[in-house]
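Visitor: Here is how the chains run, residue by residue.
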Amino acid sequence: MDRRSAMKQLAVLTGGVIMIPSCDFSEEAILQAYQNLNITASQKALLTRVTNTIFPGTTLKRAEEIQLQDFVLVMCNDCLKENQQQSFVLGLKQWDDFTKQNFGQAFSKMDQNEAADAIRETMSLEAAPESDAALLGRFLAITKQFALQGYLSSEYFMKEIKPYELVPARFFGSKKIENA
Amino acid sequence: MANLNIKSKQENTYDAIVIGSGMSGGWAAKELCEKGLKTLVLERGREVKHVQDYPTTNMMPWEFEHRGNIPEAVKKENPVVSRCYAFREDAQHFFVKDTEHPYVQEKPFDWIRGYQTGGKSLLWARQVQRWSDFDFEGPARDGFAVDWPIRYKDIAPWYSHVEKFIGVSGNRDGKPNLPDGEFLPPFELTAGEQYFKDFLRENYPEREIIVARCAHITGNQEFYAKQGRALCQNRTLCQRGCPFGGYFSSNSSTLPWAAKTGNLSMQHHAVVHSIIYDEDKGKATGVRVIDAQTKETTEYYADVIFVNASALNTNLILLNSTSNRFPNGLGNDSGVLGKYVAFHNYRAGISGEYDGLKEFTTEGRRPTSGYFPRFRNVYKQETDFLRGYAAGFSANRSMINDYSGIGDELEKAMTREKYGPWRVGSHMMGETIPKEESQVSLDPNLKDAWGIPQLKISMDYDANDEAMIKDYLEQMTEMFEAAGFTNIRTRDDKRAPGLDIHEMGGARMGKDPKTSVLNEWNQIHSCPNVYVTDGACMTSTSTQNPSLTYMAFAARAVDHAVKNLG
Ligand SMILES: Cc1cc2nc3c(=O)[nH]c(=O)nc-3n(C[C@H](O)[C@H](O)[C@H](O)COP(=O)(O)OP(=O)(O)OC[C@H]3O[C@@H](n4cnc5c(N)ncnc54)[C@H](O)[C@@H]3O)c2cc1C
Ligand code: SF4
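Top to bottom, those sequences are chains A and B. Residues in the first sequence are numbered consecutively from 1, following our numbering. Residues in the second sequence are numbered consecutively from 1, following our numbering.
Incorrect hints may appear among the rest.
[What the hints assert, rightly or not] Below 27 Å or equal to it, Euclidean Cα-Cα: the simulated DSS-like pairs (lysine-lysine) are:
{"hint": "1", "chain 1": "B", "residue 1": "97", "chain 2": "A", "residue 2": "81"}
{"hint": "2", "chain 1": "A", "residue 1": "176", "chain 2": "B", "residue 2": "418"}
{"hint": "3", "chain 1": "A", "residue 1": "176", "chain 2": "B", "residue 2": "358"}
{"hint": "4", "chain 1": "A", "residue 1": "81", "chain 2": "B", "residue 2": "75"}
{"hint": "5", "chain 1": "B", "residue 1": "76", "chain 2": "A", "residue 2": "81"}
{"hint": "6", "chain 1": "B", "residue 1": "295", "chain 2": "B", "residue 2": "456"}
{"hint": "7", "chain 1": "A", "residue 1": "175", "chain 2": "B", "residue 2": "418"}
{"hint": "8", "chain 1": "B", "residue 1": "563", "chain 2": "B", "residue 2": "35"}
{"hint": "9", "chain 1": "B", "residue 1": "412", "chain 2": "A", "residue 2": "162"}
{"hint": "10", "chain 1": "A", "residue 1": "81", "chain 2": "B", "residue 2": "494"}
{"hint": "11", "chain 1": "A", "residue 1": "159", "chain 2": "B", "residue 2": "418"}
{"hint": "12", "chain 1": "A", "residue 1": "176", "chain 2": "B", "residue 2": "412"}
{"hint": "13", "chain 1": "A", "residue 1": "175", "chain 2": "B", "residue 2": "197"}
{"hint": "14", "chain 1": "B", "residue 1": "283", "chain 2": "B", "residue 2": "38"}
{"hint": "15", "chain 1": "B", "residue 1": "281", "chain 2": "B", "residue 2": "563"}
{"hint": "16", "chain 1": "A", "residue 1": "175", "chain 2": "B", "residue 2": "358"}
{"hint": "17", "chain 1": "A", "residue 1": "159", "chain 2": "B", "residue 2": "412"}
{"hint": "18", "chain 1": "B", "residue 1": "97", "chain 2": "B", "residue 2": "295"}
{"hint": "19", "chain 1": "A", "residue 1": "61", "chain 2": "B", "residue 2": "418"}
{"hint": "20", "chain 1": "B", "residue 1": "75", "chain 2": "B", "residue 2": "107"}
If you're looking for bench data, these hints aren't it; they were derived computationally from the structure. Just so you know, these numbers come straight off a predicted model, no measurement behind them.
Only chain A is shown next, with the shape it has when bound in the complex (with noise of 0.2 Å):
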């Protein structure tokens, strides 16, 4: 097998992540489905705790269990403007640290309630732009969106919660509210 057929056999192997050969072996796989995110596998495992945060399936389904990351991530790859798309990766990559230097503790650490305290607090901080906390602010700004939009849209809402009519069949102009 030569090398390339033998990263391909590996990626399929691994779901798609590539280890990118480097001497260096501390190095971690990227992700190869974000092609313009650079992300590895860890960071998606700490976007996927933000997310789980924002939804965590107290009432409704958590945000894993719909794979809410997964649309985060090809929203942010496919449908940011660059600027954007830098502001969302830098702040995943610094969030840890920034959390761990501003709470006391990394956000990988924290249970529900410290996490959720720690986007809460970061998202209403009024920040320089160029501060680091108006760059985690836009990074959770950007991930939130775009995980309510995923989760509005999503079969599991769609169907359960707030069911889509694909053909309504019908238009009422006046309609009388009950108890309005």
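Given chain A, put chain B with the ligands in place with the hints provided.
Guide: For chain B with the ligands alone, coordinates are given in the frame of chain A:
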């Protein structure tokens, strides 16, 4: 013309040729075939079969990878088409991408095109308001362009003919400047729209809101079943192609009907290069076609030729059809071919809220909206600008969700919706004045992939349009305020001409061959076996959506052509 494909001339000869299978070409084809003419339709795009080739039509929202959004890379490569509201993930495959078919913008012009069976008829918003004599008499009364060679009475029976066949839902509103037609049951106005209608009736008696007439089947099922079409099911996903055939497109209606006669031949990937003019015979004898895929050239012949490539492409074909007799383009003795093009002014809009009618909402979906027929300068000149504007108007009950939290707070909020105020909105549809300096021409240097000159487009807003925008915003603001609407916001999005997708003119109709290209039957004055019945023929633009008028012209012109054949 290197590799000319010389099939026997007889094999390539038909009674009639139609260039373009879109909204107007589909009508020409149907009428020609029904009247017994062996008809060849030449379509430059790929084949799109009704239902079968609507890949997204039954997809659920979550099945779209980007939930409808167009990826940034596509937008960056195709800025023009990306500005069209309907260029979304579900219908993007029916639009021409900028990169595929370049053109030259001497002034910014967003040229929105659909190259496939049915052209843009798959994608349109299906609004079909008749024109009236307030439109056809406009140029003569107000002293611009040239007088239309026809009046409402000439086209009225053809409006009826078209409306009955395509299916038009609407009310008989009895408005002289928006004549009633052959209508199927109307969609309802919403409670908010009805409120504004009633308010106007009290306070501005000469202004009225109606429900916009739209090409949807809402009744007379048995009749439309013969076309294989069924009642509209209110999906409002029409731009994907409708599995019920609920709205009119060439694909669902005219083309299959024409095929059923046995008289229709269709060629796809057939790019018409030019029309062949025979000097000995003193008429057009056929067309030169380049195969879009092989680039091979073929000639097809017919007694009568209908040009329906969509307004600006029709100009391109005519300008590119040169001969000793017509060195500047077919039928261009007057020098006006390509000139006096115009469009609709869609730049301005307004939105607001209405806090009343709290006990009402709407249910289901409606593939049309409210419509504000033109009220400015109708009976006489009353403003400092010429002509006027129609407007869309809609009012819908909003739902309020508080998505500000995260965690369980957010999850709970997503299951709790509250009714908000009614959201009201309007956008203007202004008539623009065709002027000599507004023109399209062939670029002297740039060619497309088939060796055909690229079209150079040059048209812009003028002081009349600016004054009209100002008036629209003032009048709408005044009426919105008086009606008790709040949070009123006006906008002028400064969009380039073209996004209205109602470009018209260039081969205008007129009485005098010295100042027009076509006569009252849509025949080229100096080459009467060529008929132009798409937007290129329009002498002025009116405010109403134009496609119904193109279809009526096509049917009327075929009737004329067949009566006058040999
Ligand atoms: C999103 C959208 C909304 C719209 N809403 C409305 C509306 O509500 N009401 C309304 O009245 N109009 C509306 N329109 C405009 C309407 O679609 C057009 O006016 C109408 O389709 C024009 O018909 P046509 O036959 O001239 O052109 P088209 O329908 O565009 O068809 C032209 C055909 O000619 C073919 N062609 C072009 N050049 C050549 C060539 N050289 N050789 C061979 N074939 C060629 C093209 O591939 C195409 O199939 C809308 C358009 C869009 C895109
Ligand atoms: S709104 Fe009517 S016409 Fe449009 S897709 Fe739906 S059923 Fe078809």
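Visitor: Taking only the CA atoms, is the gap from residue 176 of chain A to residue 358 of chain B under or equal to 27 Å?
Guide: Between residue 176 of chain A and residue 358 of chain B the Cα gap is close to 9 Å, so the pair holds against 27 Å.
Visitor: Hey, residue 175 of chain A versus residue 358 of chain B, does the alpha-carbon distance stay inside 27 Å?
Guide: Holds - the C-alpha atoms of residue 358 of chain B and residue 175 of chain A are around 11 Å apart, at most 27 Å.
Visitor: Could you grab the alpha-carbon distance between residue 159 of chain A and residue 418 of chain B and see if it respects the 27 Å cut-off?
Guide: holds (20 Å)
Visitor: For a C-alpha distance cap of 27 Å, please report whether residue 283 of chain B and residue 38 of chain B respect it.
Guide: holds (19 Å)
Visitor: Is the hinted pair residue 281 of chain B and residue 563 of chain B satisfied, with a Cα-Cα distance of at most 27 Å?
Guide: holds (20 Å)
Visitor: Next pair to validate is residue 175 of chain A with residue 197 of chain B; report whether the Cα-Cα distance is within 27 Å.
Guide: holds (18 Å)
Visitor: Please work out if residue 295 of chain B and residue 456 of chain B have their alpha carbons no farther apart than 27 Å.
Guide: Answer holds: residue 295 of chain B to residue 456 of chain B is near 23 Å, not above 27 Å.
Visitor: Hinted pair, alpha-carbon criterion (27 Å max): residue 97 of chain B, residue 295 of chain B. Please report holds or violated.
Guide: This hinted pair holds, its Cα atoms lying about 20 Å apart.
Visitor: Given the proposed pairing of residue 563 of chain B with residue 35 of chain B, does the C-alpha separation stay at or below 27 Å?
Guide: Within the cut-off at roughly 10 Å; holds.
Visitor: Does residue 107 of chain B lie within 27 Å of residue 75 of chain B when you go C-alpha to C-alpha?
Guide: holds (21 Å)
Visitor: Residue 97 of chain B and residue 81 of chain A: Cα distance at most 27 Å?
Guide: holds (20 Å)
Visitor: If you draw a straight line from the CA of residue 81 of chain A to the CA of residue 494 of chain B, is it 27 Å or shorter?
Guide: Holds: residue 81 of chain A and residue 494 of chain B sit about 22 Å apart, inside 27 Å.
Of the numbered hints given earlier, the model fails none.
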